[in-house]
Amino acid sequence: MLEALTPFLTQDWIAVFNDLPQIIVAGLATGFQYALIAFGFVLIYRATETVNFAQGDIMMLAMFVGLGLQALGAPWYFVMIGAIILVGLFGAGLDLLVFRHMAGQSPLATVIITIAIGFVLRLGVDAVTYFMQGKFPQEESLSPPDLGDQISILGVSIDPFDILLIAGALIVVIGLFFFLSRTRMGIAIQASSQNQLAAYYQGINVRSLNTLVWTLAAAISAFAGILFAMSKTFTSSVGLSLTGGIMAYAAAVIGGLGSLQGAVLAALMLGVVDNFVKTLSGVHPLISANAGLIFLLIVIIVKPSGLFSQTQAKKV
Amino acid sequence: MKFLFKQSYDDDIKLLKHSGYIRASAFFFLLAALLPIYFMWAGVDATTLKHVIHILILSICASGLMILTGFTGQVSLGHGAFFALGAYGMHFLLKMGVPWHFSFFLTPLIIGLFGYIIARPTLRMSGVTLAITTLLFMLFIEQAFKQWGVMGGGNGFKTPKFSDKESWFFFVFQPIAAALTDHDPENRRDVLLLARSASKYALYYGALLTLVFVIWIMNNLVRSRLGRTLIAIRDSEVSARSMGVHLNHYKSLSMGLSAAIGALAGIFNSYNDGFVSPESVNFITSIVLLLIVVVGGLGSIHGAIFGAITYVFLREILFPELADFFQAWANNGGGQVAESLAWFFNIGGLGDIFFAALVLLILFYEPLGLYARWKKTEAFFQTFPFYRAGTFKRQRSYNKTERLK
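These protein sequence lines map, in sequence, to chains P and L. For reference, each letter of the first sequence is one residue, going 0 to 315 in numbering that gives the first Met the number 0. For reference, each letter of the second sequence is one residue, going 0 to 404 in numbering that gives the first Met the number 0.
Treat the hints as calculated values from the structure; they're not laboratory data. Just so you know, not all the hints are guaranteed correct.
[Stated by the list, open to error] Each computed SDA-like pair below joins lysine to any residue, with the alpha-carbon atoms no more than 25 Å apart:
(1) L:Lys160 to L:Leu208
(2) L:Lys160 to L:Val190
(3) L:Lys392 to P:Val97
(4) P:Lys277 to L:Ile140
(5) L:Lys392 to P:Asp161
(6) L:Lys145 to P:Ala290
(7) L:Lys157 to L:Ile175
(8) L:Lys145 to P:Val276
(9) L:Lys145 to P:Ile286
(10) L:Lys199 to L:Thr180
(11) L:Lys5 to L:Thr180
(12) L:Lys374 to P:Pro106
(13) L:Lys199 to L:Asp181
(14) P:Lys134 to L:Asp323
(15) L:Lys375 to L:Ala388
(16) L:Lys157 to L:Gln146
(17) P:Lys277 to P:Leu19
(18) P:Lys134 to L:Glu320
(19) P:Lys134 to L:Ile316
(20) P:Lys302 to L:Phe113
(21) L:Lys145 to P:Leu296
(22) P:Lys231 to P:Arg99
(23) L:Lys392 to P:Arg99
(24) P:Lys277 to L:Trp147
(25) L:Lys392 to P:Lys134
(26) P:Lys302 to L:Leu359
(27) L:Lys375 to P:Leu107
(28) P:Lys134 to L:Pro319
(29) P:Lys231 to L:Lys145
(30) L:Lys49 to L:Glu315
(31) L:Lys392 to P:Leu107
(32) P:Lys231 to P:Asp161
(33) L:Lys392 to P:Leu96
(34) L:Lys157 to L:Ile140
(35) P:Lys134 to L:Leu321
(36) L:Lys157 to L:Ile109
Keep in mind the model is a prediction, meaning the values are calculated, not measured.
Starting from the given sequences, assemble the full structure and let the hints guide the process.
Written out as C-alpha cells, the structure is:
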C-alpha cells in the first residue's frame, strides 16, 4: 500500500509544475470530449428520465461512420459533418422506433434496452467491419486535419488540433446552454423534464421534444466521437472503455446526475486529473489507469450527492 | 385446475403448495440428475456435457443477479468481476493451502462481503451510480488480475481437475460408468479416460446441487421479510423509505448476496473451462448475464434458468451447428448461397448479437420475459377455453421523477 504512494514523494515536483500549463491544456482537450458525451447522457436523463448506457456506443458508431466516410475519400470537415448528421438521424430513429414506445414502462426495462442497444451496436460494428473487410476492427484512427506544427502561446506549446477541439466543444456546450435556458423550445424541454404530464397539459408536444433530445444527444456524442477519433486510436469497445464512454458516465455521476453544468465541469476535472496522474513518473499502472475510479471514490466519500447536485428528494 | 382446501395458515406460505409442485420439482430434478447417465449410455461427446454444465453455471450466476436486478431493481454492469473474483479467490486460497471444502464456502462469503462493502458507499449517490461504479470496478479488477503475478498475471492459470480418483464420487461413478460404457477396467488408458470423465460428471452434479440450493434460497428469500423489502425497494424507493426501510443497507445486502452467488458460479466455471485468465472478466460476460436475466423475466426465479438455456442454446449450440450445416452443404456443391451462409454463421459473436436483438424484442413485446410467456401458457390451459389476452394487460403511466437526493 505504502509502496504505491512513494512515487508521489520522490516525484520531481518542480519539473511537473513547469509542465503544468501544458498538462492542463491537454487535460482540457480530453476533458471536453468526456464533457460532450456526458452532456448528451445527462441531457437524455434530464429530459426523458432514461439512463442511456448506449451513449458511449453511439459515439463509437459515429467513429466508424467517420471511418467509412473517410474511406470514401471525404475531407475531414465533411467526415465530421456527415457523421454528426447520420448519427443524429440514428438517434432520432432510435427514439421513434424504440424509446417512444417504452414510455410508461418500468425505468429498469428502459435502462436494459439501452444496454442491449449498445451491445448490439458494438457487436454489429464488429460484424459489419468483418463483412466489409474480412477482419474485425483493430486499433483504428481518423486522420486529423493538417493544421501545422505545435504553436506556442505564452510559453506553452499546444497542438493546434487541441485548440480546435477545445474551441469547438466550448462553442457547442455554450450554444446548448443558451438553447436550453433562453429559447422557447429549450424551456419546453426543461419543463417536460420536470413533469411530463404537466408539460403535456400545457400544450407542449412531449413526444416530438423527446425525439429532438435524442437527436441532439446523439449528434453531440457523434461530434465528441469524431474529435476523439482524430486525436487517439480507438477500437469498437471504446464506448465502454476507460479512455472513452465510461469516463463520461463517471463524469455525469460525479457532477451529480441531472446537472448539466456539473457534468461538464466534472468531465473537465476528470480529464485534467487523468492527464496529470499519467504524466507523473513511476506511478503504479493500476493507479494511473484508474484515476477516474479513484476520483469517483473520493467524491463518493467526500460529497455523496455529487459535486454540483441540485436535485432534492422527491416529495410524495 | 386445482382447487385447494386450505386447512392451516401454513398452506399459504408453504414452499411446495400442493402435490403438483412436489411432482413437478421431483420430475425436473430427476430429469436433471439422470441426464448424465443418459449421456454416458448414449455416448454423447464431452462438448455437449460442457455446454450443459455451462447452462447450470449461468443459471446459478443469473439467479444471483436476479436478486439484484429482478427483485431489488438495481443494475450491475460489472457482474463478470464477481464471477472472475470467485475463480481467482478460490484458486488463490487453494494455493495458500486452505482445504478445498473450506475455501469453497469461504470464497463466496468473502466475495459477498466485498460486494456489500463496494455497494454501500456507492449507493449514497444517485440512482445509476451502482451500475457505473461496478463497471469501473470491473475494469480495475481486470487490470489488477493482469498484475497479479502469483496467479499467472496476464496469462492466467490452468485449473486442476474438479474431482480426483480418491474422491467418494469416483467410487460411486466408476461402477456405473463401467456398466454403461465399454470401458475395460484392466486397461490403463480406459481407467484414465474414466477418471477424466468422472471429473466432468462430478462437476455436473456439483453444479446441479448448487443450483438447487440457490433456487431453494431464492424461494425462501421471496417469502421472507428480506425478499419483501427488496421488492418494495424495486417498486418504489420513496414508499419503501417511508415504510422505514434503510435503502442503502438493503440494496447493498442484495448486492452482496448476488456477488456471493456469482462467485459460487465463478468457481464452477473455472473448473468447466479448465483455465482462468484476466480476459474472462469482460463486458461481454457482464452484459450477457444481465441480458440473460431480462430474457428469462425480471423478478422470477424460473427466469434465470430460461434465460441461461436460451443463451447457451443460441450461442453455443444453434449457431455453430448452423455454420457446420451450411459448410457441409457448401462442400456438397451447395453453390454460392450455401457458401455465403456458412461464412455468415461463422462470424464470431453473431450469437451474441442475435441474443441481444432477442432481448430488444422481448422487452418490447413481453417485458416480463419468457417467464410471462410461461405463465400465459399455463393460464391458457387452466382456463381453457375462456382465456383472454386482456387478463395480462399491462398498465402504462406517465413517468414521474423519483430522483432521491
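Hint-by-hint comparison with the structure:
1. L:Lys160 to L:Leu208: 18 Å, holds
2. L:Lys160 to L:Val190: With a Cα-Cα distance of about 15 Å, the restraint between Lys160 (chain L) and Val190 (chain L) holds, given a limit of 25 Å.
3. L:Lys392 to P:Val97: Satisfied, since the Cα-Cα distance of roughly 20 Å is no more than 25 Å.
4. P:Lys277 to L:Ile140: Holds: Lys277 (chain P) and Ile140 (chain L) sit about 19 Å apart, inside 25 Å.
5. L:Lys392 to P:Asp161: Distance of about 55 Å is beyond 25 Å: violated.
6. L:Lys145 to P:Ala290: Within the cut-off at roughly 18 Å; holds.
7. L:Lys157 to L:Ile175: 29 Å, violated
8. L:Lys145 to P:Val276: 20 Å, holds
9. L:Lys145 to P:Ile286: Holds, because 14 Å separates the two Cα atoms, which is no more than 25 Å.
10. L:Lys199 to L:Thr180: 16 Å, holds
11. L:Lys5 to L:Thr180: 50 Å, violated
12. L:Lys374 to P:Pro106: 23 Å, holds
13. L:Lys199 to L:Asp181: Status holds; Cα separation ~18 Å.
14. P:Lys134 to L:Asp323: Roughly 20 Å between the alpha carbons, so the hint for Lys134 (chain P) and Asp323 (chain L) holds.
15. L:Lys375 to L:Ala388: 9 Å, holds
16. L:Lys157 to L:Gln146: 17 Å, holds
17. P:Lys277 to P:Leu19: 13 Å, holds
18. P:Lys134 to L:Glu320: 22 Å, holds
19. P:Lys134 to L:Ile316: 24 Å, holds
20. P:Lys302 to L:Phe113: Judged against 25 Å, a Cα distance of about 22 Å means the pair holds.
21. L:Lys145 to P:Leu296: Holds: Lys145 (chain L) and Leu296 (chain P) sit about 22 Å apart, inside 25 Å.
22. P:Lys231 to P:Arg99: 35 Å, violated
23. L:Lys392 to P:Arg99: 19 Å, holds
24. P:Lys277 to L:Trp147: 21 Å, holds
25. L:Lys392 to P:Lys134: 46 Å, violated
26. P:Lys302 to L:Leu359: 37 Å, violated
27. L:Lys375 to P:Leu107: 22 Å, holds
28. P:Lys134 to L:Pro319: 19 Å, holds
29. P:Lys231 to L:Lys145: 24 Å, holds
30. L:Lys49 to L:Glu315: 10 Å, holds
31. L:Lys392 to P:Leu107: 19 Å, holds
32. P:Lys231 to P:Asp161: Within the cut-off at roughly 12 Å; holds.
33. L:Lys392 to P:Leu96: With a Cα-Cα distance of about 22 Å, the restraint between Lys392 (chain L) and Leu96 (chain P) holds, given a limit of 25 Å.
34. L:Lys157 to L:Ile140: 19 Å, holds
35. P:Lys134 to L:Leu321: Distance of about 21 Å is within 25 Å: holds.
36. L:Lys157 to L:Ile109: Roughly 23 Å between the alpha carbons, so the hint for Lys157 (chain L) and Ile109 (chain L) holds.
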